[in-house]
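Using the sequences plus the hints, can you model the full thing?
Protein chains in written order, with my numbering: chain U, 231 to 431; chain F, 19 to 484.
Note that these hints are calculated values from the structure, not bench results. All values reported here derive from a predicted model rather than from experimental measurement. Heads up, a few of these hints could be off.
Stated by the list, open to error - Simulated crosslink set (EDC-like; lysine to aspartate or glutamate; CA at most 20 Å straight-line):
hint : chain 1 : residue 1 : chain 2 : residue 2
1    : U       : K418      : F       : D201
2    : U       : K408      : F       : D62
3    : U       : K408      : F       : D200
4    : U       : K408      : F       : E215
5    : F       : K51       : F       : E185
6    : U       : K418      : F       : E215
7    : F       : K42       : F       : D169
8    : U       : K408      : F       : D66
9    : F       : K396      : F       : E85
As the list claims (entries may be wrong) - Beta-carbon label-pair distances, calculated as ranges:
hint : chain 1 : residue 1 : chain 2 : residue 2 : range
10   : F       : P43       : U       : A326      : 42 to 52 Å
11   : F       : S320      : U       : D276      : 52 to 62 Å
12   : F       : R323      : U       : E316      : 34 to 44 Å
C-beta: ideal position from N, C-alpha, C; glycine also.
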Amino acid sequence: MRPRIDPARLAAIAPTELRPGEDAVARFVAEVEAVAGTAEVVARGDAVDAAERAVLAHRPLRVVLAADLDARREALAGRLETVGVEVVHYEQADRATVAEADVAVTGCVAAVAATGSIVTGGAAGRGGALIAPVHVCLVERRRLFDGLLDVLRALPAIGVGSALSFQSGPSRTADIEKTLILGMHGPKAVHVVVVEGDADS
Amino acid sequence: MNRPGPDPLTSSTFSQRAHEQLGKPFLRRAVPKATDHAYNALRDRFRDHDYDALREQGRRIRADAVEHLDEHLATLVAALERNGVSVHRAADDARAREIIRGIVRDAGGRRVVKVKSMASEEIGLNPALEADGVEVVETDLGEYVVQLDHDRPSHIIAPIIHKTRGEVRDSLSRVAGRELPDDAAALTGFARDTLREAFLTADVGISGANFGIAETGTICLVTNEGNGRMCTSLPRVHISLMGIERVLPRLEDLAVMLPLLTGAGTGQLITTYVSLLSGPRRPGEPDGPREMHVVLLDNGRSALRGGAYQDVLHCIRCGACQNVCPVYRQVGGHAYGWVYGGPIGAVLTPLFRGMDAGGELPHASTLCGACDDVCPVKIPIHDLLHGLRSDRVRGDAAPRAERVASSLWSLAWSNPWTYRASVTFARVGTRAAARVPSGLVRRVPGAARWLDGRDLPGGPRPGGRR
Ligand code: SF4
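Here is the structure:
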């Protein structure tokens, strides 16, 4: 049997791992921004405020909320409805309704500091974070992994269902004469809110 | 895709095709520019990291996967089935087409959306489905344009590297029924809206597989546009066509293979999307296909095992060897006549399509070794090209003068020092030749055929092969 990957050795040679002593949150924010996403770090109590601000910045008419927002979903839905935004729960809506939404808000299964990736799936499903032109994602600090190796080793134990997607910044293409265009099939804008502090639930 | 007309590989020679491509001014500007861009991005990505050490890890992972392919495939099949995936085995392209047509038919599929897949190009899937009256829509922007133009992709990861924005505008304007603006953002926006409709209404999504993870029964797909996710999220059936060699034993192997694939391919740290697909929708999940099928494609792959060309099965189709190849950079992918162009195509085409059809392609190389130096899994492409040349010569399919040259080359091969000397000699030779009028060189016996249709290469780049 080929030996398993040595984490220290990999960290020394792969750009997708943290350097020893590197701060995970700072690197995560930097990598999200490097791929044309935006990110902010907020205290636990401010998570819903931050999500609301990020959503309303896009002046949406309709917002899709994923089930993995847990208790924050009701709070956020209430805030948005108060200001006249139509709120749709992803798992209850039909496809045509979701296709017309302006913003989608999800949680995530995990996130990866060294690559600026969020990992969605599970209760948020496959398409929830993908169809709207803007995606706002809440990331619990405790779900932020250092590098690819950590997260891949953790995934089987997390129990992640039939599909997971790593996403790093907005959808992009450079097929036409190498001109970079954001927002090909997935969102044009991705905003990540890192929620500091201890576990939810 | 309807590609009327004869198979370019058998109906023309490399030289004829290369001449045709060399007459395209845009191609000769655009391909070197785009490939330089990709190569520079690779260099920048690994500037502070030991690319060589990482690709050695990648090589080991791929070598283990291919060496123990039977075992890993058995694990993969069992894990996929545990995940509720229907697994099919296709010995060749005809069988693969038949299996996929059957799945689409059983699903009552009328519209199929596809994620760019070299394997599906290899088996000629689209015309087969279209013959059944199924509408097939390629959803990668570049592949979509290729499909509209009845063209072929000319680079593994940049399919329309050979097309100008004006040509793309013409193709999309035909679909729109009006003149679209000459602007990449507007053209992309139009394609996005058109393809969105296809995603929302398709019955079946078909993808390739960048990797199949044996331990967890997972298909890994990488894209930047998000079409991989769309095609595997929205339609009620997902079919993944996977070359049997694309297996990885463990999920954690992706921690090495993903940065190699995306770093070597585009210089990205990671592609925008990486999907890990482990079966159809499960209870409690809000979406996903009701059925997932994996079609394992052999089509000549297992026959390469245990032979001189086994290492080609390590390939992860990143396109990096195309980006650095002095021949590819001049003539583009179409000159190679089949789906895989550049150094990897010059190896795969004769192996998959036979020496008669593809045997001249290993000669479409300067043997400079730049491909070996860039390959993220350290495939000795240059050795494989050389071996194929020797095979062809032994099969008496090459002209006599070349046979002599090749056997001298083989002698040099067994001794690294002589090899280096012979490369130095070759470089001096081509440099000298480049200074004399071409008519003179073409009168040198034996040189004429070799040089026909080619710019004289300058020999290995400094530092190319150490
Ligand atoms: S041979 Fe190597 S460099 Fe070329 S496509 Fe395959 S993996 Fe990439």
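Structure-based check of each hint:
The hinted pair formed by K418 of chain U and D201 of chain F meets the criterion: a straight-line CA distance of about 17 Å does not exceed 20 Å. For the proposed pair K408 of chain U and D62 of chain F, the alpha carbon gap of about 17 Å is at most 20 Å, so the pair holds. Under the criterion of a C-alpha separation no larger than 20 Å, the hint pairing K408 of chain U with D200 of chain F is consistent with the structure, at around 15 Å. Distance hint between K408 of chain U and E215 of chain F is unfulfilled; the C-alpha atoms sit about 25 Å from each other, more than 20 Å.
Between K51 of chain F and E185 of chain F, the direct Cα distance comes to roughly 18 Å. Compliance with the 20 Å bound is thereby established for this hinted pair. Under the criterion of a C-alpha separation no larger than 20 Å, the hint pairing K418 of chain U with E215 of chain F is consistent with the structure, at around 18 Å. With a C-alpha separation of about 15 Å, the suggested pairing of K42 of chain F with D169 of chain F holds against the 20 Å cut-off. Restraint check: the Cα-Cα separation between K408 of chain U and D66 of chain F comes to about 25 Å, which exceeds 20 Å; the hinted pair is violated.
For a cut-off of 20 Å, the pair hint linking K396 of chain F to E85 of chain F stands: about 16 Å separates their Cα positions. Take P43 of chain F and A326 of chain U: their Cβ atoms lie about 47 Å apart, and the range 42 to 52 Å holds. For S320 of chain F paired with D276 of chain U, a C-beta distance near 57 Å keeps the hint of 52 to 62 Å intact. Range check, R323 of chain F to E316 of chain U: Cβ separation about 58 Å, and the 34 to 44 Å hint is violated.
Checked against the numbered hints given earlier, the structure breaks hints 4, 8, 12 and satisfies all the rest.
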